[in-house]
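Chemist: So the chains spell out like this:
4 protein chains.
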Amino acid sequence: MTSIGVGLIGTGYMGKCHALAWNGVGPVFGTGRRPRLVHLAEASADLAARRAAEFGFERATGDWREVVDDPEVEVVSITTPNALHAEMALAALAAGKHVWCEKPMATTLVDAERMVAAARAAGRVAVLGYNYIQNPLIRHIGRLLAEGAIGAVSHVRFEMDEDFMADPEAPFGWKSEAASGYGALDDFGVHPLSLMHVLFGGVVRVMAQLAKPYPDRPLPEGGRRAVETFDIASVLMELRNGATGIMALNRAARGRKNRLAMQVFGSRGAIAYDQERMNEFQFFTASGDAADQGFRTVLSAPAHPPYDRFVPAPGHGLGFNDLKLIECHELLEAIAGRPAHIIDFAAGLGIERAVHAMARSHSEASWSYV
Amino acid sequence: MTSIGVGLIGTGYMGKCHALAWNGVGPVFGTGRRPRLVHLAEASADLAARRAAEFGFERATGDWREVVDDPEVEVVSITTPNALHAEMALAALAAGKHVWCEKPMATTLVDAERMVAAARAAGRVAVLGYNYIQNPLIRHIGRLLAEGAIGAVSHVRFEMDEDFMADPEAPFGWKSEAASGYGALDDFGVHPLSLMHVLFGGVVRVMAQLAKPYPDRPLPEGGRRAVETFDIASVLMELRNGATGIMALNRAARGRKNRLAMQVFGSRGAIAYDQERMNEFQFFTASGDAADQGFRTVLSAPAHPPYDRFVPAPGHGLGFNDLKLIECHELLEAIAGRPAHIIDFAAGLGIERAVHAMARSHSEASWSYV
Amino acid sequence: MTSIGVGLIGTGYMGKCHALAWNGVGPVFGTGRRPRLVHLAEASADLAARRAAEFGFERATGDWREVVDDPEVEVVSITTPNALHAEMALAALAAGKHVWCEKPMATTLVDAERMVAAARAAGRVAVLGYNYIQNPLIRHIGRLLAEGAIGAVSHVRFEMDEDFMADPEAPFGWKSEAASGYGALDDFGVHPLSLMHVLFGGVVRVMAQLAKPYPDRPLPEGGRRAVETFDIASVLMELRNGATGIMALNRAARGRKNRLAMQVFGSRGAIAYDQERMNEFQFFTASGDAADQGFRTVLSAPAHPPYDRFVPAPGHGLGFNDLKLIECHELLEAIAGRPAHIIDFAAGLGIERAVHAMARSHSEASWSYV
Amino acid sequence: MTSIGVGLIGTGYMGKCHALAWNGVGPVFGTGRRPRLVHLAEASADLAARRAAEFGFERATGDWREVVDDPEVEVVSITTPNALHAEMALAALAAGKHVWCEKPMATTLVDAERMVAAARAAGRVAVLGYNYIQNPLIRHIGRLLAEGAIGAVSHVRFEMDEDFMADPEAPFGWKSEAASGYGALDDFGVHPLSLMHVLFGGVVRVMAQLAKPYPDRPLPEGGRRAVETFDIASVLMELRNGATGIMALNRAARGRKNRLAMQVFGSRGAIAYDQERMNEFQFFTASGDAADQGFRTVLSAPAHPPYDRFVPAPGHGLGFNDLKLIECHELLEAIAGRPAHIIDFAAGLGIERAVHAMARSHSEASWSYV
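Chains as they are written, first to last, in numbering that gives the first Met the number 0: chain V, 0 to 369; chain U, 0 to 369; chain C, 0 to 369; chain E, 0 to 369.
Keep in mind that the hints were calculated from the coordinates and are not lab data. You may find that some hints are simply not true.
Since the list gives no way to pick one copy over another, a pair counts as held whenever it fits inside one copy or between any two copies.
[Unchecked claim] Here are the simulated lysine to aspartate or glutamate pairs, DMTMM-like style, with alpha carbons at most 25 Å apart: (1) 211 with 227; (2) 174 with 112; (3) 174 with 69; (4) 174 with 307.
Work out the full structure: start from the sequences and follow the hints.
Modeler: Right, here's the structure in full:
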């Protein structure tokens, strides 16, 4: 078993998530090159050293370029704030590293396009952190759709709701600044779009309505400041497979914590899913006696690989971090030159374009093509 | 206890539903004028006689005008196919009767407007059969919203799904003909619109995308005929209260039987409801310890009047027919000159206008004002 | 269509429920002899007169014997407090009337046995008000079990929970007096037992543990009085079909409103049901791909007769009162000499005996045969 | 950051689970002594070497005694078949190691008692693998109960159901042999008992009914062999806190995958939990307006420590393996001399005694004291 040198930039929410994946991917999947945790970067050298000890990295630095330039590092995890993704990814690719970059790709479409070009030029694997596509149930749903289990799909509904912007009296922060992007659209609308990409080939044209639940928010220093981003988005869509549908996003949705929900209607059946209950999905098929038909709740199980690599018993459940670990494994598969279930930079660019088309359709009050 | 003479035109799905309401409203509510079931009309005199015996009507006829002209009839239930509503309602109003007409009002906006004018001119009560607004839980939700229990509402989602058009090989029928209307929009989109009317004052502007899941259907005589109506509709909306939202309609939704579902997000909480579980709703309020917050499932109970008129114990449940019976009681309240929770012709016209605005927005691919 | 004269004794919770059934059974089922509401009795003549007007009865009386003796009355609804059932039922049967008596039969086993003997001697129909067996879904579950849809049943679980005795500071009332019976066992344990009767042929031997959540309760006049009945019962059971199981009863179960829940495990599948969601049941069958198996939620529908007599569309839902109406129809079927899905006095005696066996097993701390 | 030497015996279902925990506990919790994976034993040296590479252990052996005797090993994970637990744990304790042993402790009560004595004599930490008590929600429920959030608890219900013995035609295996134990009771009845231990202090007396859904099973060589163990158990219980309750176990429960379910009723509220949806629990509190009360679904969140060590966002969900990782952390806390949420050998002996008392009560058909 050979090793592969890993660098990690950033150790916040997603940084820790990557670190857990790098630690666990070997024991869980038990094959391939074993990650060697070489170099970790944080904003300060002190914090970097502390995190390196916790996460099991050999070296630590306060300068991310040292990670990118480390000859023992072969693949770099980039988990820093969105505005830094492009610069770091470009540097890592230029240094010949594979890149595992958190979503969204970049804050501008131009940057995203440069990232795609750089990955192509470098001939390196460049994967985005769209972890929800890694849920074994989502992959199983993909197989069901491909096999025609619910017939031709004509109508879909996607919802993504959390409540971290729900309190109208929470102080004005960077998420309310225009510099952070459009709001719900890019902040987490990319998640349902990632599902649409793997399940339906993405969206073709869109018509969005963006909204601000609260016109302003209090400033810490007193007074209030007008909110510049849109916490709510409602979208009409046409998918590549010809189906139509809606997408509703709300990061001010009281009571919702991680409701990435999906309903898919086909000519022979239907499927529903909700990330808040990530270990089950609903499956309806119009077969058998009508008196006994109904949506069935299917629990995640070894029959939905790679769930079996985590637990050999059904219904025991995976967690959020396990999805990132599966993503890590897919990344290693890609690096090994095997087919992998990933969203790479090129595919991610399609998602970014969809987001921008939605924002454009809102401004112009008309349909936009992606 | 005085009586009130009742006429019934039509004895199908909704006709029987009206008949059950007229039979039960006295025993359930126990007050007011007792319905006297006077005259029933059906397409044939034979069927009329049979149904009159079953439903307890004194007289039967094959000519609906005899019901309208019967001097002992004071209020007329109109439950015939949509295309007949206008003529019958106008005749009944002209004869000085109160009218209880099933939804939708009419097949053209012009007819609907004439019906409103006629009701106003006659000074009679003219009520539409929007029974879902009568669910005691919907009325309770209305009170919660009015009291600010979830704060200012900023975002709503409505869904209406059934599967009676889901089979792609079901023969071409009148619901696929353009003469029947737009499709899902008027066929049952009016139900969520009725909820929006009582809860939020209705919609201001809309942007719809209509879709056909199946381009054609088999003809009984062989061959196939192109479908002219839209079984699917996706709509962006702006409500009178300033909130934005989406509405998704699908009468070809495999597995859904009567999913009139609603999600309402406010600054302090959220509410969700699904007609398939009509005896419960979901209520989230952002109060107390965050560790113990969650959507609570509230079961229908005597605390939600007029549930208490049906059963004195909580959680025992009302049925679909009970909603029509409550509607019947509200109609009698209106006739008695008391405040009533109804959608009258004037309000119903607003719903019809919203439907037509949606169809227009689809054709023009742009926002339409109602 | 001939008529059948109806008498009603009692107009409380169940009295009104019977009255609604008598009013609606003709319109809903549309066949057979039409009920003629002849005579109603209440404790006072005044109240009787008022209720007769509300419920549509021709005559009213403060003396229940006048109803029993009325020659125009052919069937008598008995909905008075439990202690009066025996005397009234015996008198009605002696007068040659059919009897529809609310559960439980009587407060002593001796009385129940006399009622069975009297019904047999009179050759009249004597039906008990076990309405939950009338749910079209329960009847459908019965068909599934009979057809072997889940194979041989080996294990069952029944729960019955409400919260009307949950408040420890609610004043001492008659339900806490020994004279009212054992407590949860006879107060509502008879409901799950009625389901076990129709689905599994009843119970053979039992082992119960009775419990008091609160030792005493406040008296209105001050001070506290020791509670004499058992609000909680836990029971081990062996059923006539050989299966074992448990039954848990709690009328002090905070949050439960009408949770009559059932789980049935068989060699090929499983079924679950909860009366709080009376329009659905859960059905698991071990067929097809393991990756797609799960409990399916089947909504009540016309495919579950006699749901179709109420609504022609699936998923629209019946209510609690509709079950009593179906029971009324079955009673009329029995009177007409046709097979009927009822629990008559003889079957009801079996349920009473099971209750007494449970109480005995608690006292003796050992298994009791029914 | 100092290290602690870890030995692992066994690499099956639970062995891998321990390995994942040892790999992840440092990165997740980030504090304390970092596990150093020293020595791994499997039945064969070959398999041991392969697993050591996968799991990241330094040394491998086909002889478990080498792990126990390894001076660099300070704590030993024992994940072998139940019959081997006692010998290995005793050897490890005798060698001065801390022990982390999978449940159940042993196959005889005598062995379990020897293990308790050995742990006490050695002065070493000896923890059992009751991972479900580690769910942050179970720990939160424990806090709620302790704070009186639902008042005095009077009635509980526990269910544990899986379907790995559900197929009547699955071949006769060791789980059907008497040598394996009683069946459902010790195979997984210990899981609900572990919850009862941490939440209610355990059970005082019990009355069980054991059952065999299938009398015999096919032998691979043809013919059938009588089943000797009980796949089903139904139990009445009295808890140490005075509450009564039931426990139902079924390892032949079609459709159930990991339904470790619990209902707890108190004087002011109720709590329900189901391991199949391990990231939520149901909480009812009888406060506020009755019209708005209901069971609320609380999603796991950072407010339920140590969930926050895994993900900083609510509703994202932990998985089955995360519970073992938390257990590992608690073990390290105990080794460090800090208070820990564990079931040690002494507590585990209480669980074993409860199991044996249940079996005894079945044989004697009478209540047994634990």
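Chemist: Now, for every hint given, state plainly whether the structure supports it.
Modeler: Hints, one by one, checked against the model:
1. Taking CA atoms no more than 25 Å apart as the test, residue 211 paired with residue 227 passes inside one copy only; the shortest distance there is 8 Å, against 38 Å between copies.
2. Proximity of residue 174 to residue 112 under the C-alpha cut-off of 25 Å is restricted to the intra-copy arrangement: shortest distance 24 Å within a copy versus 48 Å between copies.
3. For the identical chains of this complex, residue 174 and residue 69 are neighbours neither inside a copy (34 Å) nor across copies (54 Å), given an alpha-carbon limit of 25 Å.
4. In this homomeric assembly, residue 174 and residue 307 come within 25 Å of each other (Cα to Cα) only across copies, at 22 Å, whereas the closest approach inside a single copy is 39 Å.
Violated hint for the displayed structure: number 3, the only one.
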